[in-house]
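Sequence order for the protein chains is A and B.
Each residue of the first sequence is one higher than the last, beginning at 1 in this note's numbering.
Each residue of the second sequence is one higher than the last, beginning at 1 in this note's numbering.
Hints listed in this document are in silico derivations from the structure and should not be mistaken for laboratory results.
In this text, all values refer to a predicted model and were calculated from it rather than measured experimentally.
Just to be clear, a hint being listed does not mean it is correct.
[Claimed, not checked] Residues on chain B that point at chain A, a partial pick, calculated with CB under 10 Å:
| hint | residue |
| --- | --- |
| 1 | Met182 |
| 2 | Ala185 |
| 3 | Gly197 |
| 4 | Asn199 |
| 5 | Pro294 |
| 6 | Gly299 |
[Claimed, not checked] Pulled from the structure, derived: some chain B residues nowhere near chain A, Cβ distances all over 12 Å:
| hint | residue |
| --- | --- |
| 7 | Tyr77 |
| 8 | Leu84 |
| 9 | Asp128 |
| 10 | Leu130 |
| 11 | Gly136 |
| 12 | Ala171 |
| 13 | Val198 |
| 14 | Met209 |
| 15 | Asp306 |
Using N, Cα and C, we set each Cβ at its ideal position, and we do this for glycine too.
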Amino acid sequence: MQSSGDILEVDGIGHNFGGLSVLRSVTFAVADKGIVGLIGPNGSGKTTLFNVISGFLTPQKGVVMYRGAVLGSQSIQERSNRGMVRTFQTPKVFENLTVLENIMVGACKNTRTTILQDMGHTPRSNREMRTILHDAEQTLEKFELTALRDTLASVLSAGQRRILEIARAVVGKPSLLLLDEPSSGLNDTEIRNLRRWIVQLREEGLSVLLVSHDMGLMTVSDRVHVLYFGEIITSGSMDEVKQNPRVREVYLGV
Amino acid sequence: MAGRIAPYVVLLIVWTVLPFILPRNITDLLVFAGIYAIAGFGVSLLLGHCGIVNLAQAVFYGVGAYATAYLTTELGYPSIAGVLVGAVISVVIALFIGWPILRLTSYFLALATLALSIIGNALFYEWDWLTQGTLGIGGIPKLNIGSFALDTPMRFYYLAWTVAILCLVLARNLTNSRTGLMLRAMRDAPDAAVSLGVNLQWLRTRVFMLSALFGSIAGSLFAHYSSFVSVQSFNVDKSFSFLLIAVLGGARAPWGAIIGALFITILPEYLSRLGDFHQILFGVALICIVVFLPTGLAGGLEMLWDRLLRLGPKPKLKQAAHAE
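Input sequences plus hints: build the corresponding full structure.
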């Protein structure tokens with residue numbers, strides 16, 4: 001396989017939905033501490049590919065490798081515990097929890113108390129709860145959500161939900177962040193902040209796979225792959241991709 | 001600080017004094033309310049924190065009761081053995097049945113638990129070598145603490161409610177812990193919770209096991225208190241009662257089950273004095289609560305409490321006085 005510098009390798013993924021071939025032999029990789037973008041018009045198979053990588057869908061063909069090991073039948077939760085976290089196209093926040101509590105849920109995976117210890121409020125359970133709270137508070141500050149700390153997530157705007165979802169995903173210190181359409185519903189300032197955070201997260205050692213049709217945001221990527229009807233039609237830097245005549249034709253509509 | 005403790009002190013005094021001032025038959029109902037509340041905590045945790053409708057609680061209640069009845073009468077073991085054996089069997093059943101059925105969601109899961117309740121009751125009926133079927137097992141010894149026999153409603157009242165309060169504290173601790181947080185997350189957006197590393201099925205199974213444990217303990221207490229158990233006490237109706245306790249009380253507040261249990265034991269008693277149509281009145285009361293108090297009686301009381309606090313300017317004055 002490819003060199004060991006890749007955190008994620010997607011090899012020959014194919015998937016059909018009732019005879020309709022949504023993905024046909026998609027192959028690409030995300031380098032360690034790299035930012036890779038995946039663009040494509042609606043219906044090009046971006047979300048299906050995303051679901052395959054994050055474990056929501058088992059592909060009919062091909063393999064996904066993470067840190068050099070085939071993921072196969074590993075559950076979503078196992079993938080998450082190994083450091084792969086995703087966000088959703090429509091943000092799925094925990095509506096009846098506050099912003100702080102939402103982020104605390106993301107921090108839970110680094111703790112190991114049992115239900116009995118939690119019921120007894122043992123010293124270990126309390127200590128871990130303090131760790132969770134501490135991590136969540138720090139992340140809250142980093143994503144400038146401190147003012148919304150005790151607000152219920154159900155009253156947040158679309159943009160705030162998006163940012164909360166990202167904050168919640170990174171608080172558990174993952175190695176690979178999968179962002180599904182992170183800029184939709186965000187205003188210009190929020191998109192600028194998002195770019196800044198993505199770059200900052202990479203500096204902290206995170207690898208990012210970004211699915212979007214927002215060309216502006218895509219420029220943070222080291223490498224962009226263009227998906228069209230289930231196939232990668234070209235890859236390269238954003239500038240190179242933009243110049244590709246086929247991309248201009250099928251994607252930009254020029 | 002004193003202001004925060006005061007309501008609890010008042011409650012404690014009321015709780016201690018109640019059996020002395022109430023007639024014996026009402027104290028008897030309060031004992032049942034305490035026992036039902038314990039089983040209700042389990043159903044309430046599942047409903048309020050996992051969004052799971054559990055209609056199988058009567059099975060675990062029955063397992064606890066029969067374990068106590070069989071071990072203490074047939075085998076002559078001490079009471080604690082009955083409680084422990086019942087608890088272990090219930091938890092094991094919950095593990096092996098919960099693991100496959102908790103993959104289901106919403107009403108499919110509710111139906112699966114209903115089926116479990118029906119099957120459980122049928123088995124209690126069929127296995128008469130163990131349960132004596134409709135004849136029932138009588139002569140279950142009263143509980144003793146040392147040489148002190150809990151042989152009156154008043155004496156049992158203190159035990160049942162001490163256990164109930166203990167279970168309440170445990171349930172409240174759980175909801176305030178990381179497990180509680182993950183449960184609520186799972187209830188709101190299961191996909192997102194899983195992708196954050198929450199082990200959905202195992203977590204749900206563990207809460208189901210915990211719920212079964214509460215049900216079993218309540219069943220053992222019931223067997224000791226009534227000294228007679230028969231299949232009629234563990235039918236599907238009883239499962240519905242436990243669910244009603246959780247819904248009426250308000251499943252999101254841990255203490256909702258206590259309010260719900262008091263409601264379904266005490267209210268019918270008073271309504272029955274009004275004559276034949278008391279069951280209709282009880283039904284009307286249920287509908288009113290569900291319609292007007294979607295968060296249950298506990299939610300309603302919390303709202304009332306908040307309003308009272310806001311109406312009264314006293315707390316502020318008190319603070320000012322302290323400052324001076």
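Structure-based check of all given hints:
no.	hint	in the structure
1	Met182	holds, 6 Å
2	Ala185	holds, 4 Å
3	Gly197	holds, 3 Å
4	Asn199	holds, 5 Å
5	Pro294	violated, 13 Å
6	Gly299	violated, 13 Å
7	Tyr77	holds, 25 Å
8	Leu84	holds, 16 Å
9	Asp128	holds, 36 Å
10	Leu130	holds, 30 Å
11	Gly136	holds, 34 Å
12	Ala171	violated, 8 Å
13	Val198	violated, 7 Å
14	Met209	violated, 9 Å
15	Asp306	holds, 16 Å
Violated hints, listed in ascending order, are 5, 6, 12, 13 and 14; each of the other numbered hints is respected by the structure.
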